[in-house]
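What follows is the residue order along each chain.
2 protein chains.
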Amino acid sequence: MTKKAIQDQWSELDSMCWGCGRNNKNGLQLKSYWEGDETVATWHPQPYHLAFPGTLCGGIIASLIDCHSTNTANAAANKEAEKESGSDPPKGYVTGSLFVKYLKPTSVDKPVILRAKVKERKGRKITVTCSLYSEGIETAQGEVVAIQFF
Amino acid sequence: MTKKAIQDQWSELDSMCWGCGRNNKNGLQLKSYWEGDETVATWHPQPYHLAFPGTLCGGIIASLIDCHSTNTANAAANKEAEKESGSDPPKGYVTGSLFVKYLKPTSVDKPVILRAKVKERKGRKITVTCSLYSEGIETAQGEVVAIQFF
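Here the protein sequences line up with chains Z and S, keeping their order. Start counting the first sequence at 1; every next residue gets the next number (this note's numbering). Start counting the second sequence at 1; every next residue gets the next number (this note's numbering).
Heads up, a few of these hints could be off.
The list treats identical chains as one, so a pair stands whether inside a single copy or across any two.
[To be verified] Pairs of lysine-lysine, BS3-like flavour, derived with a Cα cap of 27 Å:
#, residue 1, residue 2
1, K31, K101
2, K104, K122
3, K4, K83
4, K119, K104
5, K101, K83
6, K4, K25
Think of the hints as simulated: they come from the structure by calculation, not from any bench.
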C-alpha cells in the first residue's frame, strides 16, 4: 500500500494551494509524509526557481517551509483528535506567522528535504519547527505558528 | 522619463530571481520603486497563486515581502554609499532572515501593494519592515534582516 501524503487528504476544493495542492498544476505540489513523530518531504526545484545562478530562491524556501509546517500542524491536530475520540473531526489550521533563517545557499539543482516537528500546542495555536536540507546539509530553519480557524 | 525599478538596476545575470528578476519568465517579476524614504510595489496575482479559493497563498506573500525588502536594503545601502562617496560602489545584500505575520486573508483577485522602510542599519545587517495591503487593508506584516555578502 502506498502511503498517502498529508496534502492528499484534503478535499478536492481545498487542494488548490499553490504551494502544495495536488489540483494546482502551476504550483509546487509539495507532499509531506509522517515518519515517526516527524514529517518529511522531498521536493525537486525547477531550473527557474533560482535566486541567483545556482541557488534556490528564498521565497520558494519560505513557501516550502510554510506549507510543510502548516500541513504538519493540521495532521498532528487531527491525529490527536482521532486518538482522543476515535472519530476524525476535521480541524483546520492556517499560518499565523512564519519565520525563516537562511543559514547557507541552497542549490537549485538538487532536491531539498524538509523535516518538521510540533514544538508546542497551546489553545488554538500549534508551533512547528522545520529544517530544510540540501545535499545532507541544513541550509534553512523555520518556525511556523499555525492557528485553528475551524 | 519613466522611473526605473530597483530590480531593473541589477545586471542581466543577476536578474534571474524567481521572485523579482526581469529575466525570469516563470517568476513573479516584482518591481519596487522609491517613494520618499519608503519603497512601494504593486503586484497582480495570477488566479493560480491561491491558497484556498479566493485567498492569496501565504508562500507568495512571503516571497513578495522577501524580494521587496531585500531589494530595499540593497537600494538603501547603495543610495547611502553614493551620497557618501559620490561614486556608486556595488553592494550586495541577501536575506538572512524573514518574518511574516498574516493578519487577515488576502484576496487573490485584487492587486497587492507593498510598502517597506529601513528600520535599522548595523554593521553588515540592514533590517527592513514591510507591510502588504489588499484593497487598502494591511493583511500581512514582514521583517527582513538582509546581510551584506560583498
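Structure-based check of each hint:
For a Cα distance limit of 27 Å, the shortest separation of K31 from K101 qualifies both inside one copy, at 22 Å, and across copies, at 24 Å. Taking the closest pair of Cα atoms, K104 and K122 come within 27 Å of each other only across two copies (21 Å); inside a single copy the shortest separation is 32 Å, beyond that limit. In the homo-oligomer, the alpha carbons of K4 and K83 lie at most 27 Å apart inside one protomer (19 Å), although the nearest pairing across protomers, at 58 Å, exceeds that limit. Both within a single protomer and between protomers do K119 and K104 lie at most 27 Å apart by alpha-carbon distance, with minima of 24 Å and 24 Å respectively.
Taking CA atoms no more than 27 Å apart as the test, K101 paired with K83 passes in neither setting, with 34 Å inside one copy and 31 Å between copies. In this assembly of identical chains, K4 and K25 lie within 27 Å of each other by CA distance solely inside one copy; the values are 19 Å within and 33 Å between copies.
When held up to the earlier numbered hints, the structure conflicts with hint 5 and nothing else.
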